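A.B. asks: Protein chains in written order, with the working numbering: chain L, 978 to 1115; chain V, 978 to 1115.
It should be emphasised that the hints constitute simulated quantities derived from the structure, not laboratory data.
All values derive from a computational prediction rather than experimental measurement.
A hint or two may mislead.
Which copy? The list can't say, so a pair holds if one copy fits it or any two copies do.
In silico EDC-like pairs for lysine to aspartate or glutamate, Cα to Cα no more than 20 angstroms straight-line [claimed, not checked]:
no., residue 1, residue 2
1, Lys986, Glu1030
2, Lys1011, Glu1054
3, Lys1026, Glu990
4, Lys1011, Glu1040
These are the residues of each chain, in order.
Number of protein chains: 2
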Amino acid sequence: MTLAEDRLKALGEFIRSQRRLANLSLRQLARLAKVSNPYLSQVERGIYKPSAEVMKHIADALEISAENLYTRMGLLEGRAPAPRAGGGVEEAVRLDPRLSTDQKEALIRVYRSMTAGRAPRPRRHTSAPRTVRSKPPS
Amino acid sequence: MTLAEDRLKALGEFIRSQRRLANLSLRQLARLAKVSNPYLSQVERGIYKPSAEVMKHIADALEISAENLYTRMGLLEGRAPAPRAGGGVEEAVRLDPRLSTDQKEALIRVYRSMTAGRAPRPRRHTSAPRTVRSKPPS
DNA sequence: CTACTGCGCTAAGTCTACCAAGCGTGCGCT
DNA sequence: AGCGCACGCTTGGTAGACTTAGCGCAGTAG
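Sequences and hints are given; from them, build the entire structure.
C.D. replies: Dropping the structure here:
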């Protein structure tokens, strides 16, 4: 079943990229998603297949739709889910395949600055994660 | 977490009722859904919580939408999903809360007889299951 | 320099979703 | 009567989802 493994790996990479876009460290996201940080690490590297509950928790923490993750795992026939009413902008941006990572970050930053004053969604990162990471010797 | 347990039991009962409506025995459905029959038995009685994969297999075998089951388990925020294009009639009937079980059975029977000749979806039950079952001593 | 903190990862254990084998019952046959 | 088959359920066992403890590294502060 290499197909499932590919999907698993793709899901992990997707989660990791979304986490980075949201500017969260692995441990922060793990806390938000109510899982342990080593486990989330393996999930992101495609070693373990997360249960649907865990996927939902991760989706909620990342503020993306759970359908999105389910679809990636082939659990949902189909189609791209409609973005939600409220905070759909950020998700739409993050998911747009025609935007580069930098473009997404920029757009989101601008969007947040625009909506800064009004009805802010509570989302504190007390400390921004240190983004740098040296590659382990292959 | 009694909430989750209730949901689990409700899901099991729902699956069992849908299986009966589809006129399938436990073993038949287990075979269609690619799970073992004892396991399906426990799932229907709310003892075990099926994984999303299993839920999808069951949904496919019962010809209902996977979203439906996910939503029942609280894995999907949403509301009742729109029935699919082709073959949605039977599902719509089965899911209608305003119909009794007998009404559903009757309707489905009529519907099948009407659509009998044309493009039949492959669904063989070589033998109808014996529906009778005496209650075990409580 | 040492001490502290946060990062991601490895290692070892626990728990439970899922399976194969087998039991007891009820029905239809000869 | 007895045989055979299908029904649903109980019982161990295996594997993998998930946890807690701890490693090594990089940055910042005293």
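A.B. asks: Evaluate Lys1011 and Glu1054 at a C-alpha cut-off of 20 angstroms and name the case that applies: within, between, both or neither.
C.D. replies: between (27 angstroms within a copy, 18 angstroms between copies)
A.B. asks: Within a copy, between copies, both or neither: where do Lys1026 and Glu990 come within 20 angstroms Cα-Cα?
C.D. replies: within (13 angstroms within a copy, 28 angstroms between copies)
A.B. asks: Should Lys1011 paired with Glu1040 be assigned to within, between, both, or neither, using CA atoms and 20 angstroms as the limit?
C.D. replies: within (14 angstroms within a copy, 34 angstroms between copies)
A.B. asks: Using 20 angstroms as the alpha-carbon threshold, which applies to Lys986 and Glu1030: within, between, both, or neither?
C.D. replies: Result: close both inside a copy and across copies, 18 angstroms intra and 17 angstroms inter.
Consistency note: the structure conflicts with none of the earlier hints.
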